[in-house]
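Novice: Keeping their order, the protein sequence lines are chains A and B. At position 80 of the first sequence the residue is numbered 80 (the working numbering), and the sequence of numbers has no breaks. At position 33 of the second sequence the residue is numbered 33 (the working numbering), and the sequence of numbers has no breaks.
Worth flagging that the hints you see were computed from the coordinates, not collected in a lab. Where a beta carbon is used, it is the ideal one built from N, C-alpha and C, also for glycine. There could be a bad hint or two in this list.
[What the hints assert, rightly or not] In silico lysine-lysine, DSS-like type, Cα no more than 27 Å apart, as pairs:
| # | chain 1 | residue 1 | chain 2 | residue 2 |
| --- | --- | --- | --- | --- |
| 1 | B | K9 | A | K55 |
| 2 | A | K108 | A | K55 |
| 3 | A | K55 | A | K78 |
| 4 | A | K108 | A | K78 |
| 5 | A | K108 | B | K71 |
[Stated by the list, open to error] Cβ-Cβ distance ranges computed for the label pairs, FRET-style:
| # | chain 1 | residue 1 | chain 2 | residue 2 | range |
| --- | --- | --- | --- | --- | --- |
| 6 | A | V13 | B | T15 | 37 to 45 Å |
| 7 | A | R63 | B | F10 | 39 to 47 Å |
| 8 | A | L84 | B | N70 | 40 to 48 Å |
| 9 | B | P61 | A | D81 | 23 to 31 Å |
[Said to hold, decoys possible] Coverage of chain A stretches by chain B, computed from C-beta distances (three or more under 8 Å per stretch; other residues unrestricted):
| # | stretch |
| --- | --- |
| 10 | 39 to 45 |
| 11 | 83 to 97 |
| 12 | 102 to 115 |
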Amino acid sequence: AQTVTQSQPEMSVQEAETVTLSCTYDTSENNYYLFWYKQPPSRQMILVIRQEAYKQQNATENRFSVNFQKAAKSFSLKISDSQLGDTAMYFCAFMKLPGGADGLTFGKGTHLIIQP
Amino acid sequence: NAGVTQTPKFQVLKTGQSMTLQCAQDMNHNSMYWYRQDPGMGLRLIYYSASEGTTDKGEVPNGYNVSRLNKREFSLRLESAAPSQTSVYFCASTRGGAGQETQYFGPGTRLLVL
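From just these sequences and the hints, can you work out the full model?
Specialist: Have a look at this one:
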């Protein structure tokens, strides 16, 4: 079984600053995906970014990027030029391959607050 | 294209009552999932259906049953609700297959069991 650990229950930064959210995971699998999901107060789960374990290059989506360290089993999310709308819960999640049919394993989340 | 829809949005039950949470997707996805989210926790998998006609238990299946009615619909049933089942329930779906594993979530159903 896999476990996902997010060690920062809450973080707060000023608007326009850069913030990094931490995630570590434990697995014996070699093929997997990692995800960051955002959950605003509306409770909708929104995909932020995903990383394939077989890819060495770190994924990037606009202001969001990851630092994926496979050997260290670490998967942090960096948000650049943070905006008020980034305020939300952020969940790190693991998916075993192939197919991912048996679902996602989530961490407990980090509550990110962007201050004006 | 509505994506993943869930009904109802909110429900209050008394202990011992039964109810069914409905989920439907219009993305022609093969796999569907039910998760629950409790305060201070991430989402935990209750049941999943890898394809039409199959269902499997996830991490926390006790007290629940599921039905994959067809490719579009996947329902979650509480036969005898308990206060411990007070939670927010999310349905998700994915096409499955190489490069198609990203899960898309519904808006959630908030369930309160008194």
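Novice: Has the stretch 83 to 97 of chain A got at least three residues whose CB is nearer than 8 Å to a CB belonging to chain B?
Specialist: holds (count 4)
Novice: In terms of beta carbon proximity below 8 Å, does the stretch 102 to 115 of chain A have 3 or more residues touching chain B?
Specialist: The restraint on the stretch 102 to 115 of chain A holds, since 8 of its residues have a Cβ under 8 Å from chain B and three suffice.
Novice: Starting from the range 23 to 31 Å, see whether the pair B:P61 and A:D81 falls in it by beta-carbon distance.
Specialist: Check failed, 43 Å falls outside 23 to 31 Å.
Novice: B:K9 and A:K55 were given as a pair; does the straight-line alpha-carbon distance stay at or below 27 Å?
Specialist: 39 Å, violated
Novice: Is the distance from the Cβ of A:V13 to the Cβ of B:T15 consistent with 37 to 45 Å?
Specialist: Hint holds: Cβ distance 43 Å, inside 37 to 45 Å.
Novice: Under the criterion that the straight-line Cα-Cα distance not exceed 27 Å, is the pair A:K108, B:K71 satisfied?
Specialist: 31 Å, violated
Novice: Straight-line Cα separation of A:K108 and A:K78 no greater than 27 Å?
Specialist: 18 Å, holds
Novice: Are the Cα atoms of A:K108 and A:K55 separated by 27 Å or less?
Specialist: Roughly 26 Å separates the two Cα atoms, so the pair holds.
Novice: Could you check the hint for me, namely that A:R63 and B:F10 are 39 to 47 Å apart, CB to CB?
Specialist: 33 Å, violated
Novice: Mind taking a look at whether chain B covers the stretch 39 to 45 of chain A? Criterion is 3 or more residues with CB to CB distance under 8 Å.
Specialist: holds (count 4)
Novice: Confirm or reject the claim that A:L84 and B:N70 have a C-beta distance inside 40 to 48 Å.
Specialist: Cβ of A:L84 to Cβ of B:N70: about 42 Å, so the range 40 to 48 Å holds.
Novice: Does the alpha-carbon distance linking A:K55 and A:K78 stay inside the 27 Å limit?
Specialist: It holds: about 18 Å lies between the C-alpha atoms, which stays within 27 Å.
Hint compliance for this structure: hints 1, 5, 7 and 9 are broken, all remaining hints hold.
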